[in-house]
Amino acid sequence: MTAAGPTIRTGTIVLRDGKIVAVGADVAVPPDAQVVDGTGKFVTPGMIDTHSHLGVYAAPGGDALSDGNEMSSPSTPNVWAEHSVWPQDPQFPRALSAGVTTIQVLPGSANLFGGRSAVLKVVPARTVQGMKFPDAKYGLKMACGENPKRVYAQRGLMTRMGNVAGYRAQWINAEAYRRRWDKWLAGDRKGDPPSRDLAMETLAEVLRGNIFVHNHCYRADEMAQMIDIAKEFGYTIKSFHHGVEAYKVADMLAANNISASIWSDWGGFKMEAMDGVRGNLPLVHNAGAKAIVHSDDANGMQRLNQDAAKGISEGQTIGITISEDEAIKWITINPAWALGLDDKIGSLVAGKNADVVLWDRNPFSIYSRAEKVWIDGAMLFDRLDPAQQWRTDFELGYVPNGKVWP
Amino acid sequence: MRHYRVWGLGPGVALLLTLSGTVAQAQTIAITGGRVHPVSGPVIENGTVLIRNGRIAAVGADVTIPADATRIDATGKWVTPGIVNVATTLGVVEIGAVQETVDTPARGRGDAITASHKVWEGFNANSPLIQVTRNDGITTVGVVPNNALVGGQAAMLDLGDGGLSEMLLQAPIAMIADIGSKSDQIGGTRAEVLQRLRDLLSDTREYVRRRADYERNATRELAARRGDLEAMIPVVQGRLPLVIDANRASEIESALNLAREFSLRIVISGGAEAWMVADKLAAAKVPVIVGALNNIPLSFATLGARQENAGLLQKAGARVLINGGSDGFNARNVRFEAGVAVAFGLPWAEALRAVTLTPAETFGVADRIGSLQVGREANVVVWNGDPFEPMTRAERVLVRGVDVKRPSRQDELMQRYKVLPPTYRR
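Heads up: the sequence lines are chains D and P, in that order.
Under numbering that gives the first Met the number 0, the residues of the first sequence are numbered 0 to 405, in order.
Under numbering that gives the first Met the number 0, the residues of the second sequence are numbered 0 to 425, in order.
No lab work stands behind these hints: they were computed from the structure.
A quick note: this is a predicted structure, and the numbers were derived from the prediction, not measured.
Heads up, none of these hints are tricks.
So the derived list for chain P, only partly shown, Cβ under 8 Å to chain D, looks like this:
(1) LEU128
(2) ASN293
(3) ILE295
(4) GLY303
(5) PHE328
(6) VAL339
(7) PHE387
Pairwise CB distance ranges, derived in the manner of DEER restraints:
(8) P:ASP278 x D:ASP220: 52 to 62 Å
(9) P:ASP278 x D:ASP62: 32 to 42 Å
(10) D:THR9 x P:VAL418: 38 to 48 Å
(11) P:GLY59 x D:GLY376: 49 to 59 Å
(12) D:LEU395 x P:GLY187: 26 to 36 Å
Where is the CB? At the ideal position from N, CA and C, for every residue including glycine.
Bound-form chain D, shown alone (with noise of 0.2 Å):
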C-alpha cells in the first residue's frame, strides 16, 4: 500500500542509501540486495502522528515527567516542546513497534499559545536533537475551548470570547514585531536592531508562514472563530486537532485547505466532545478535506491503523464508500502533509526516505503487527528478533523484558 495509488499486489521495494529507489510490481532486485522477504504480507509507509505528547509526558508520568503545558501564563508561543523531550520516555520504543516512525510532540492544551512543536523520527537517540526531523518545519500549537478557559478561570481568562480577545491581542503584537524586524532584515538598519523577543518571533515566524499553526479545537462553531481569526492577522491553519465536530465545518476545512487531525471515535468525555461521531474521518474525507488519524495518546498511536478501519468501516455504515488505497493516506501522506514533509516522507515512491512497515497481514485487520520498521533505511524494529527491539535507558532492570519473562 503506497499511499500513491493502487496497492500493489506482489510488489517490491528497494531501499538503498536511506532512501526509496524503486517501488513496483516488475522491480530488478539488485544483485547486492539484502532480500526480506514479505510474501503474503504487507507494506505501508511508516505511520505519522500528527499529535503527539512522547517525550513531554513521558511514562510513567508524575509530576517529575510533566513537561507538557507550561500553565504559568496563557500565552507561551516563547516555550518550545524540544526542551522538554526526554528521549528515554519508553513510550517511543513501543510507538516504533507499531509502525509510528515520524511524530509531532506538542504542547499541551492548557494555554492559548502553547508553544512550538517538535518534529521527531521515531529512533533510539541519547538527545532530543539525535530524534529532530532534519528541516522540518515547527509547529506552533493554539488551543480553543473549555481547556484554556478551565486553567485559567481564577487568573485571567475565562469564557470562549476572553479566548479569542486573547489571540487577537498577541496577534496583533506579533504583526507589529514582524514589521519591525522585516523592516531591519531587510537592510533598513539605523541604531540598534529591535530587541528580540522569543514568544514574539515563534508568532513572526507563523505570519511569514515558516511556522505552521496546529490548532486544539473541538467545536465546529470555534473551528469557523479560528479560521476568521487567521484570515484577520494573514495566517494559515494547517490542521485542527482533536476537531470532534469537524464533519459539521468540513465543507469550510475543504476550502481553507485546512486538515483535520481526529480520532475515529474517542469523545464524549467533555462538553465540547460529546458530539463526536464515529464517521468523523468519512464524512470530513467526502467533503474533500484532509482527513488524518490523530492519536494524542501513546496507547491510541499503536493503532492508527484500527482508528482508520473503523473509520472505513462506518463510512459504510452511512452510504461513503473509502477504499483501503485512500484511507491509508490518513495515517501516511495526509499527516505528513499537516507537517509540512509530504515530499520527503508519507508515500513509498522513489526518492522518499525510506521510512517503511512490513506488517504479518493487512494493517486494517485488528489481528495485524508490525513485523519490521525502517526508519531512513535502518531496520529499527524487528518483531521476530529480540535483539532488535529497543529498550530505553529507564526500562533496564525496571521494565520486565519479554526475553527474561517468557
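Chain D is fixed; fit chain P onto it per the hints.
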C-alpha cells in the same frame, strides 16, 4: 404556527427504522443460516438460533422453524451472544467533565469506604450512550463504582428497553475495592491500605458476631459505619466477589494473600502485571479482568504492562475476562480489546469467551446470559464478519429477543451533516 421541515431524516435513518421495525417486540424469531458461536459449545456452521418470548428456545444445525417465526437471514454472517463489557460507568457518568452528570465515585465520609454505595441507583436508563453502545453489539454491561478503597457495589445490566428495573440483570454482582496504584487518593501507603481493608473485613465479622451488642452501643468503634458493614457481610461470607483493583505484581500477591486470610472470593481487575504471577492466580482460581490495548508503563505500578497479558494468563490456566472502554462513550470498544488480545496470543475462542461467558460465570449470571443455550436471555448479535474486526458491523442486536438496533444520537448527527440541511448552508 408554521412548521418548517428543517432537518428531515436521511435515507440511511429511514432504512434503519425499517429494518428494526420488523422485530419490534419479543416474539418468535429464527436467525438462520449463520455461523453460530454459542460459546458454551462448538461452532455451528449454517446454524439456527430460535428465540421465543425473549429467550433462546433452540440452537443447532437442525432446528425446526415454526411457521409463525420471523426469520432473520444470517447467511454468511456470524452469530454470537451479546458482548459483555464487564466494567463501565455507562449510565452513571454521562460526560466526565460535567459534574452534574457524574454519579461515581461516591463522596462518602472522606475515608474512601463506601461499601453501601449501590452505584446502579444512579443509573440513567435514558442516556443516549446506551444506544451507541448496544448498536455495536454490546448487550450487557457491568456498571461499577470507581476510585476508592471500597467504592461500593456493582451491578450487571442488560441494555434492553425500559427503565432501570427492566434492565437490571443482577445487583449486586460484586463489591469493588482498590488497593493499588491510586493509594494516594485512598489515603496511605500500600501497607496501610491493606491494613485498612483487613480492619474493615475483621470488623465486619465482629459486627456479624455481635450485632446485638452493636445495637446497644456495647462494642468498640468499628472500622466503618453501619451501612457499610452491612454491605460487607456477603463479602466476608464469601457470597459476593470482591473485585480488587491491583496492578503491580506485588499488589496482586497481596490481594491473593488477603483472600486466603479471610476466605474471600476475589477477582483482580487492572492486573497490568498479572502475567508475572499468572501461576499463582491460576492456582488460586482467581479470575483476572484485563485490557489488551495497554503496553505503556504509565506508572511505577504498571511497568510490566504488555499486550500479551491476557494470552499469558490463559496459557497459565488463569481465568481471563477482557475489559476496555470503561467510560460510557467508549464502552462499545471492548470488542477491539478482545481482538488485540488475540493478536498478542489469546486464542480467538478464549477471547470471545472472555467478553461473554466468562464474565457471566464470574459474576453469577451464566444461567441468564453469556452463551447461546436454551433458556438463556436472547441477547444475540448478528455480525457481518468476525466481531473483533473494526471493519465488521453488528447488523442485528437483540436484547431479550427485541431488536434494539436503532439510530443513536450519533447516527442522527451524522445523517444531519452528511448532506447539510438548508438552514446550515450559510
